[in-house]
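Asks: Knowing the structure of chain A, use the given hints to seat chain B with the ligands on it.
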Amino acid sequence: MSDATLQREPPGRPWRAVAFEWLRDNLFSSWTSAVLTLLSIAALVTIIPPILDWAIFHAVWSGEDRAACLGPGKGACWPFIASRWGQIVYGFYDAVERWRVDIVYVVGAIGLAWLMIPRLPVKLWVGIAMLTAFPALVYVLLSGGMFGLPIVPSTKWGGLLLTLLISLTGIVVSFPIGILLALGRRSTLPVIRILCVCFIEFVRGVPLITILFMASNLLPLFFPPELTFDKLIRALVAVSLFSAAYMAEVVRGGLQAIPKGQSEAAAALGLGYWRTTAFIVLPQALKISLPSIVSSCISLFKDTSLVSIIGFFDFLQVIKAGNSDPVWSTPNTAFTGYLFAALVYWGFCFGMSRYSAYLENTVGGGKVGAGRT
Amino acid sequence: MSEPLAIELSHVNKWYGRFHVLKDASLQVKKGERIVICGPSGSGKSTLIRCINHLEEHQSGRIVVEGHELTRNLRAIDEVRREVGMVFQQFNLFPHLTVLENCTLAQTWVRKRPKAEADRIALELLERVRIKDQAQKYPGQLSGGQQQRVAIARALAMEPKVMLFDEPTSALDPEMIGEVLEVMVELAEEGMTMLVVTHEMGFARKFADRVVFMDYGRIVEEAPPEEFFANPKNERTRQFLSQILVGH
Ligand SMILES: Nc1ncnc2c1ncn2[C@@H]1O[C@H](COP(=O)(O)OP(=O)(O)O)[C@@H](O)[C@H]1O
Ligand SMILES: [Mg+2]
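As they're listed, the protein sequences go chains A and B. Using the numbering used here, you'd call the opening residue of the first sequence number 1 and step up by one each time. Using the numbering used here, you'd call the opening residue of the second sequence number 1001 and step up by one each time.
These are computed hints drawn from the structure, not numbers from a lab. Just so you know, even glycine gets a beta-carbon here, dropped at the ideal spot from N, CA and C. Possibly wrong hints are sitting among the right ones.
[To be verified] The following label-pair restraints were derived from C-beta to C-beta distances:
hint: 1; chain 1: B; residue 1: Glu1124; chain 2: A; residue 2: Ile192; range: 36 to 44 Å
hint: 2; chain 1: B; residue 1: Arg1120; chain 2: A; residue 2: Leu23; range: 54 to 62 Å
hint: 3; chain 1: A; residue 1: Tyr273; chain 2: B; residue 2: Ile1244; range: 36 to 44 Å
[What the hints assert, rightly or not] Here are a few chain A residues that face chain B, going by a calculated C-beta distance under 10 Å:
hint: 4; residue: Glu264
hint: 5; residue: Ala266
hint: 6; residue: Leu271
hint: 7; residue: Phe279
hint: 8; residue: Lys287
So here's chain B without its partners, still in its complex pose:
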């Protein structure tokens, strides 16, 4: 069977100066698939997913997202960014705009939606992430968990086909991690293609279709979670899992 691919990375290489940060990374993500990416700090996880919406530029290899190949061409970049939403570790909400304005700004200027429609869509999404009553507040008045849920709503308002999450819960107090993960699980149930960088292994086990392990810029192992956790093939994966699972 040949299911259509949402994302295809083939032999992607990237350097920061002389530092080889992504080494021949290849990954295929099917539509609706949920991928968790894990690995030690500095292994290139953020760089990998930031290449997918061209926040970072790769130097060789191919990246194709929803049928658009990422090249230097600005049109291609715009088209890919229309299909891809992103949620950051530090939320990166716009502090000078209200929660509602955070969710409507790009709708108005990129999707060219009339204000009423943009507001309606934003409020629907804020309701879905259970934060509609805070719509008129500023991000600085919300807790971390609430801010991250707003960030998810803001990305969803652009109706992306793919969502990228870069350690969405790492900056949160422990009691707020659950509320964000819950929203992500609901999103997955609706069939969104998702790539999540996270250290929440319990979440990965339940949520992921596939777990990808990165080390020193390489994709070292990828497997369904049962297999990945029960029976990792690579020595580095085993070391990593034993370290990270001790803490849990």
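Chain A with its partners taken away, still in its complex shape:
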């Protein structure tokens, strides 16, 4: 907004006049807005400096144990985070085997970046590889037991590794399932429609914790031990199905926004249901629902912290466990841990949100729905 205002000014206007006008138009345009502006400034002035003081200016940056962080006037205890770094990133993964996790991180990061940076070529192939070869690689590397790699049981996986694994699996698996559920809910075949409605409404009516409990404690009661999969796999399935129900409703919202004329025109051209859906209806619907899809992904990312309740040491749980470590026990330790956790969660979520904003402005060229007279 401010950019546009500045650009429209004829060249050569003194910047003071420009700044004054901007302030007047944006912050002091009326009595209410002036009062709100002043209140906001007052709030920021009271909140921000103490936080900065505590987190940066009076923080402790190095030390071997709690001794460094104890004492009056001391702020955040950052060496605590540094000492826990291994657990935060890898959980309890065997230290000598952590290079396997590093490979997963690096390959994953390169693959994701490749898909997200518009200029890079052969996106389709990279995408296919990320959806097929990459999960296989992750499985082989992390579990081991093949190619001479020692087995590392999934109970030892944890920290950021586990959080990213669960949330990315949840997002990637729930997306196609959610689309199918949304289509099923609009199906003309009553059996399919009823099944989809029941699934969606059941899952949405139950908290994620309950579903996780069912997956971890209830399933083993009903199935013989040979048939119950690894607990992590059960958690992954639970999270994916949970997220799929929400994804389905988000996508359905997008589908409903597409005028009936679109599928009629496609039908009149001889395109069948699946092609009409794949080429005409879904691309438009997904573009409309993109902001909500990303919201769902962000919620899911944060909700993965609930797996700690069924005994997993995810990112947040590792930090929480560290907070009560006697070696680092100081009044500031827990705050430091949670501030760090908050910053990391915020970083990932803000990244997703910005990327979605960027996509909204670029995907698909023409604006959906534009140009109807």
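Replies: Chain B with the ligands in isolation, oriented as in the chain A frame:
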């Protein structure tokens, strides 16, 4: 003489729930014939022509299009849709595809044409409707008249034997109606079988071989335009014409 029929409707009935929207409608259209359908709003004109390519399903009677009878059978529906193109009042272009892609998508997936051939055919048709220079734009960047001409090209790219038009100019600003009607007249001169729902009576007079008048779901009258306009037989037709011609 027994000329082959492009479309034959006999005793077609259709209900929306309990509402009887098409009542015993019968119509025969010869190959290459140009039919204009008119009638008051809500009289079932759209429903009638949408039954011809099975966008709506009729409940009794027979509909035969280019020798294929429309039944519940999906194969029959596919075959009929191969022969029939349709142009809608609201254009219904695909807003996320360029003009060219709008015209090639169905060629690629339904006619299985290679991309180069589909592009060539699409560009030829876009040239014919005088809009080739906009091929790379998105529909939202075009005027209504241009969009409707693209919609005509898109339908023609499937090489239909019959074209259905449902009020193709009703959503257009007046100054754009002419350019669309002109394209339709050219199409008719090439011998296309056309069914046009329209309120453009001047156009109907020049263009149509026969004018069909519908009221309350019935085909009330059908006659060549000279006779239809000069000497309508039915009282409802006369009322309708006097109302609609006052405005012109
Ligand atoms: N999907 C539908 N469900 C119920 N009634 C409908 C539906 N579509 C159209 N109608 C009704 O059928 C009648 C005929 O509609 P239509 O064929 O669109 O008329 P026209 O094109 O002549 O204006 C109208 O009264 C309309 O309200
Ligand atoms: Mg109509």
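Asks: None of the hints should be skipped; say for each whether it holds.
Replies: Evaluated hints:
A hinted range of 36 to 44 Å for the beta carbons of Glu1124 of chain B and Ile192 of chain A is consistent with their spacing of about 42 Å. Taking 54 to 62 Å as the suggested C-beta distance range, the pair Arg1120 of chain B and Leu23 of chain A conforms, at roughly 59 Å. Evaluation of the 36 to 44 Å hint for Tyr273 of chain A and Ile1244 of chain B yields a pass: the beta carbon distance comes to about 39 Å. Satisfaction of the interface hint for Glu264 of chain A is found here, the shortest Cβ-Cβ separation to chain B being roughly 6 Å, below the 10 Å cut-off.
At its closest, the beta carbon of Ala266 of chain A sits 8 Å from a beta carbon of chain B; the interface hint therefore holds under the 10 Å criterion. Among the interface hints, the one on Leu271 of chain A holds; its C-beta lies about 6 Å from the nearest C-beta in chain B, closer than the 10 Å criterion. Interface restraint check: Phe279 of chain A against chain B, minimum CB-CB distance 6 Å, threshold 10 Å, status holds. For the restraint placing Lys287 of chain A at the interface with chain B, the shortest Cβ-Cβ distance is roughly 7 Å, inside the 10 Å limit, so the hint holds.
Comparing the model with each numbered hint stated earlier shows that all of them hold.
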